[in-house]
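Chains as they are written, first to last, in our numbering: chain C, 1 to 355; chain H, 1 to 283; chain L, 1 to 317.
Hints in this document: simulated from the structure, not taken from any laboratory.
This one's a predicted model, so the numbers in the text were calculated from it and none came from an experiment.
Just so it is clear, CB atoms sit at the ideal spot from N, CA and C, and this is done for glycine as well.
Some hints could be false.
Claimed, not checked - Here chain C is said to cover these stretches of chain H; the calculated rule only asks that three of the stretch's residues, wherever they fall, bring their Cβ under 8 Å from a Cβ of chain C: (1) 90-96; (2) 106-114; (3) 119-129.
Claimed, not checked - Computed spacing ranges between beta-carbons, pair by pair: (4) L:Phe33 with H:Arg68: 40 to 50 Å; (5) C:Phe344 with L:Ile236: 35 to 45 Å; (6) L:Leu290 with C:Gln91: 44 to 54 Å; (7) L:Ala211 with C:Phe341: 45 to 55 Å; (8) H:Pro277 with L:Gly19: 28 to 38 Å; (9) C:Phe344 with L:Gly176: 51 to 61 Å; (10) L:Arg221 with C:Leu18: 41 to 51 Å; (11) C:His94 with L:Ala84: 26 to 36 Å.
For reference, the chains in residue letters:
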Amino acid sequence: MNARTTKQGGGGAGLLSLLARIRPALNFITALAVTFLGLLAITFFIGRVIPIDPVISVVGERAPREVYEAARKAMGLDKPLIEQFLIYLWQVLHGDLGYSLLTSHPVLEDIKRVVPATFELATVATILGVLTGVPAGVIAAVKAGRWPDHIIRVLGLIGYSVPVFWLGLMGLLLFYGKLGWVAGPGRLDIFYDGVVPQVTGMILIDSLLAGDWGIFKNAVSHIILPASMLGYYSLAYISRMTRSFMIEQLGQEYITTARVKGMSERRVIWKHALGNVMVPLITVIALSYAALLEGSVLTETVFAWPGLGFYITTALMSADMSAVLGGTIVVGMVFVGLNLFSDFLYRFFDPRAKL
Amino acid sequence: MSAQDRPLLDIEDLRVDFHGRTRVTHAVRGLSLRMGREKIGIVGESGSGKSVTGRAILKLIRPPGVVRARKLMFDGVDIMTADEKTMRAIRGARASMIMQDPKYSLNPVMRVGDQIAEAYVMHKKVSSREARARALAMLEAVKIRDPERVYKAYPHELSGGMGQRVMIAMMLIPEPDLLIADEPTSALDVTVSMQILAIMDDLVSRRGMGLLFISHDLNLVASFCDKVVIMYAGRVMEVCEASRLREAKHPYTRGLLASLPEIDVVKEKLEVLKRDPAWLEEA
Amino acid sequence: MSDQQKPAAPPDAPSGAGGLRAWLESETPRSAFQARCVQMWLSWLKFSANPLALTGLLIIIALVLMAVFAPLLVTHDPLAQDLAGRLLPPGAKGHWLGTDGLGRDIYSRIVAGARITLYIVALVTITAPLFGLLVGTLAGYFGGWTDVVLMRVTDIFLAFPKLILALAFVAALGPGIGNAILAIAITSWPPYARIARAETLTIRKSDFIFASRLQGASPARIVAAHVMPLCISSVIVRVTLDMAGIILTAAGLGFLGLGAQPPMPEWGAMISEGRKFLLNQWWVATMPGLAIFTVSLGFNLLGDGLRDALDPRSGQS
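If we strip away everything but chain C, and leave its shape as in the complex, we get (with noise of 0.2 Å):
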């Protein structure tokens, strides 16, 4: 997936100079279709060879054996595996991923509406833990083996152990349930529900739009304290990797040479070092928002939290696989997505990366 071996093709024949401009955006689509089809292939794997008859699943046990007959002739199966698999590649790449048992509507519909609940939450979430996080490894790095290095250190450490639906009850329990500081589970209190119209699906950003304070507030008080806890679970991670560029950009000459200029610590940190670690840390905070994607199915069960995650787990419930699965290949491809575009971001900001 790291195509960042790159450099410009220098002088040459103008195709050959192209084909070498090229070559790792070329490498890296040809990863990623790779990639995309061997994620298929799992969920397909997953989908059509492991259960014991799928057929069963659908016209039930005691079917007569013409219904089942016809029904298996319906959907494929008495195919040979890879003309199923190729049928199934070429109904997922029309955007078919069957229809969901539970709410019976097609499963890419389903995963357009709740999308953006899980967005919302993830980037509020990931907004919270670079705003901390950066700071705190940056002032991690700088005091080294003293003692904020080590309380932010455990503070990362306690991040990294905590099981995260755990950690969300808890946040329930004292925030909600004890102190009443926020509200609790859902996006929004019942009655304001469907109020605004959606225009992004992200509440906070309607109601801005439809100018409902009221609605916005409330949206808040919801989204404030699972997006703390997994801001938190991401502050872990970014802190902890801040720290350790921080502290091998501090060691470089250019650091020296902008204190012999007689440039203020305060600069040689956040400006010169921090804007060497910039570089590296967009892929780390990318990764860190998949890693919160990943987590939805956990937080937002236990935060009733109407999103991707919700509707998987909601799927896994009652057996709904093609529900599971689409939802599988959803966020494996927005994972393989953020790849991508961590690495695209990474050829913006740094200069010595320009294709």
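Starting from the known structure of chain C, arrange chains H and L on it as the hints suggest.
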């Protein structure tokens, strides 16, 4: 003492130790030096403490390094007791240092011009437009043909020689009184290195700065400086006038001279340096 | 100082305690065996100087003891229901940590759950690294197309969200502790394959591999007898660091009802049961969560300490 005849740099018994996990490394052991606005070369093998000396003058030694000195004065300011604020006003503005390898000593993600202008804005409190104009002028002064283009370049887009010109421009822009050059050409090709030295020499002489030239190249230093300080293992072995280097008395200096190849003299075999542990004993 | 570090009196070791220590700290070991002991001793010194790492080790030792002696440590039958004594707060009627919704003693269930946690961790850490090691060494040793294909498959698995993939597997296989372990193992082998491949590539060209090939050893024998053992130390560090993640994933699957099935006292499932009583009987969900947290913290501390002690590249600044 009036400001005129006060030495620019006055060092007595400078010691720098680095405390490792198991042992203490004595990088500099009792160096004394006095200089005015002249050009002094410090020569020694690698590990003889010359770079550490340069950094100690700017108070840039960080833990686990420890600096001690009976006297460490820069133009009347006591470096040993000076606080960070005083030091920041000195660094760059009054004393600066050209580092070894532009590949590592320039910030890779900042435009070269911004790195030059940054120091000027900091010390002279001018607008960024004025600083930009000054930086462009400075790039011209170090004989860069296309200052506008170089101003906008990133360090990795420059050759080593260009990078070192940028470094010189960056360190000379606030017009310091003392310039420390820490092996400024050892990372460069020989031909390029002569051009760089010529530029540096020209600017230093014209502005009447003091220059502390750190190098391992005895001949280069002798041709370039007024005085030469020979260091070995953190101690000064000998100080002599550059013009009378051939008359040096200390066996280490003689050894160094003897181990140099000469183009017009045929030598059967180059001497191997002999080192005497007695040189390291405290006087 | 720990006793298991002492070698069983090698012939060339001088007698006496001081002699052993000197033997262990010798800078000029006389045998390969002594060299290895010196290396281990130095790592141990570095490790034991780190209080956080020692804390982690203590937690893990406590966990193992708890699992081994679980029948002696429980105060009640972990499965016995007592509907009259349900949801008792901690300390009431001899229930140290209270009782759950069916009146079962939470303390006893947590103690019994230590066995399940260890069982999961042990099975995953045996299967996944072994499989990864196999894939990685094969890819690294044979190179060419084998390498390309195997590593492409590894990358595909690596590019996936692990938890979601494990979820989908369990969903298809059916819930249960065995399937949960299988799913976690399936999703956690790829990093080991990467490590093993990297190590193999450096080992492959070395003289002793060449020598044994000249002696007519078969590729299978070379991989199994020479290459794989050399990859193990870097794999072990990674395994310890992964254990916390395995525990959290297993607990997550349990919480979603996909792991161990009731009435097994699995910690994640216990939290899930306690959810119903969260606001009024806080202890039911809190206690098992604390257990998960402590154990996974222990593994993280131990893993960090091991990495600092064993990996020469990660010297502390």
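To see whether the hints hold, each was checked on the structure:
Chain C is given as covering the region 90-96 of chain H, and this holds because 5 residues of the stretch bring a CB closer than 8 Å to a CB of that chain, at least three being needed. By the rule of at least three residues with a Cβ nearer than 8 Å to a Cβ of chain C, the coverage given for the region 106-114 of chain H holds, with 5 such residues. Coverage of the region 119-129 of chain H by chain C holds. Counting CB-CB distances below 8 Å, 3 residues qualify, and the rule asks for three or more. A hinted range of 40 to 50 Å for the beta carbons of L:Phe33 and H:Arg68 is consistent with their spacing of about 47 Å.
The hint said 35 to 45 Å for the Cβ distance between C:Phe344 and L:Ile236, and at roughly 37 Å that hint holds. Between L:Leu290 and C:Gln91, the C-beta spacing of about 47 Å keeps the proposed range 44 to 54 Å intact. At about 49 Å, the beta-carbon gap between L:Ala211 and C:Phe341 stays in the expected band of 45 to 55 Å. A hinted range of 28 to 38 Å for the beta carbons of H:Pro277 and L:Gly19 is consistent with their spacing of about 34 Å.
For C:Phe344 and L:Gly176, the Cβ-Cβ distance of about 42 Å falls outside the hinted range of 51 to 61 Å, so the restraint is violated. Take L:Arg221 and C:Leu18: their Cβ atoms lie about 49 Å apart, and the range 41 to 51 Å holds. Between C:His94 and L:Ala84 the C-beta distance comes to about 60 Å, which lies outside the given range of 26 to 36 Å.
Against the hints set out earlier in the document, violations occur for numbers 9, 11.
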